[in-house]
Amino acid sequence: NRIASGAVEDVIEATELNRLGGMWKTTFTIGSPLELKTRFYQPLTYAGHSFVSPHAEFNQHLVRVYDDEGNALGTYQATRGGGGFDLGYDFGTWGEFRVGYFRDYGKAHRKVGDPQLPNATWDEGGISSGFAIDQLDNVNLPHAGYLGVASYNGNRKSLGSTESFDSLQAGLIGVQTIGRWTGLVKAEGGTSLQSDSPFYGKFGLGSLF
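One gets my numbering by counting positions in the sequence shown from 1 and adding 87 to each.
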């Protein structure tokens with residue numbers, strides 16, 4: 088268990104579920120946000136490089152809405168759930184690449200604000216891909232190394248999405264220890280690749296992490 092940002096997180100991991108080393112990881116977060124994520128990782132060979140990975144998740148959190156001048160207009164309870172299936176390749180001790188299909192649903196219910204503010208529902212569906220390079224020396228409290236990740240989601244109406252749009256995100260973490268001092272630098276960015284993103288596909292900015 089761990090407590091962060093007003094929420095309690097619990098992780099359940101099951102390893103070596105079959106002769107090829109299948110693994111199942113489930114994460115519960117209770118509080119804000121309320122979240123459930125589960126993913127099964129199944130290598131396809133004894134070498135363990137190629138794999139398949141079905142996954143599902145549910146998330147519920149509060150979203151504050153502002154006008155262009157920064158004035159608060161209201162608060163929504165946003166709910167999102169769905170799942171997908173990935174096919175990937177593990178590059179050993181330094182990284183992985185995966186590509187897959189995802190299908191999600193979402194709804195936003197107004198909790199506070201002008202009654203004229205509308206509620207909303209939507210669907211997401213499309214192709215996803217991700218690439219990661221992981222050279223951190225510890226997953227929980229690193230003292231040296233770096234982590235780079237990039238992910239792409241291509242929502243398409245033909246694959247179940249309410250709107251067609253793109254989302255490309257990337258992030259980098261660098262950690263270095265000198266004597267008794269450890270420093271961490273983190274940078275993130277995203278782009279819609281000139282597509283017209285709907286409100287539920289916008290990037291978030293601000294607050295801790």
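Everything labelled a hint here was simulated from the structure, so no lab data went into it.
Keep in mind that this is a model prediction, so the values were computed, not measured.
Incorrect hints may have been included.
What the hints assert, rightly or not - EDC-like, lysine to aspartate or glutamate: derived pairs with alpha carbons at most 20 Å apart:
no., residue 1, residue 2
1, Lys124, Asp154
2, Lys289, Asp97
3, Lys194, Glu100
4, Lys194, Glu183
5, Lys273, Asp283
6, Lys112, Asp154
7, Lys112, Asp283
8, Lys194, Asp173
9, Lys289, Glu156
10, Lys273, Glu250
11, Lys112, Glu144
12, Lys198, Asp173
13, Lys273, Asp210
14, Lys289, Asp210
15, Lys244, Glu275
16, Lys124, Glu156
17, Lys273, Asp201
A quick look at each hint next to the structure:
1. Under the criterion of a C-alpha separation no larger than 20 Å, the hint pairing Lys124 with Asp154 is inconsistent with the structure, at around 32 Å.
2. The straight-line distance between the Cα atoms of Lys289 and Asp97 is roughly 28 Å, outside the 20 Å bound, and the hint therefore fails.
3. Of the supplied pair hints, the one linking Lys194 and Glu100 is violated, its CA atoms being roughly 30 Å apart against a limit of 20 Å.
4. Restraint check for Lys194 and Glu183: not satisfied, since their Cα atoms lie roughly 32 Å apart, outside the 20 Å limit.
5. With a C-alpha separation of about 28 Å, the suggested pair Lys273 and Asp283 falls outside the 20 Å cut-off, and the hint is violated.
6. This hinted pair does not check out: Lys112 and Asp154 have alpha carbons roughly 40 Å apart, beyond 20 Å.
7. Only pairs whose Cα atoms come within 20 Å are accepted, and Lys112 paired with Asp283 is rejected, the gap being roughly 35 Å.
8. Taking the CA atoms of Lys194 and Asp173, the gap is near 25 Å; set against the 20 Å cutoff, the hint is violated.
9. At roughly 18 Å between alpha-carbon atoms, Lys289 and Glu156 fall within 20 Å of each other, so this suggested pair holds.
10. As the CA atoms of Lys273 and Glu250 are separated by approximately 31 Å, the hinted pair breaks the 20 Å bound.
11. Proposed proximity of Lys112 and Glu144 is supported: the alpha carbons are some 12 Å apart, at most 20 Å.
12. For the given pair, Lys198 sits about 35 Å from Asp173 by alpha-carbon distance, which is inconsistent with the 20 Å threshold.
13. A C-alpha spacing of about 31 Å is found between Lys273 and Asp210, which places the hinted pair above 20 Å, so the restraint is violated.
14. Note on Lys289 and Asp210: the hinted pairing holds, with a Cα-Cα distance of about 15 Å set against a maximum of 20 Å.
15. Of the supplied pair hints, the one linking Lys244 and Glu275 is violated, its CA atoms being roughly 28 Å apart against a limit of 20 Å.
16. For the suggested pair Lys124 and Glu156, the alpha carbons sit about 36 Å apart, so the restraint of at most 20 Å is broken.
17. Taking the CA atoms of Lys273 and Asp201, the gap is about 37 Å. The hint is violated against a cut of 20 Å.
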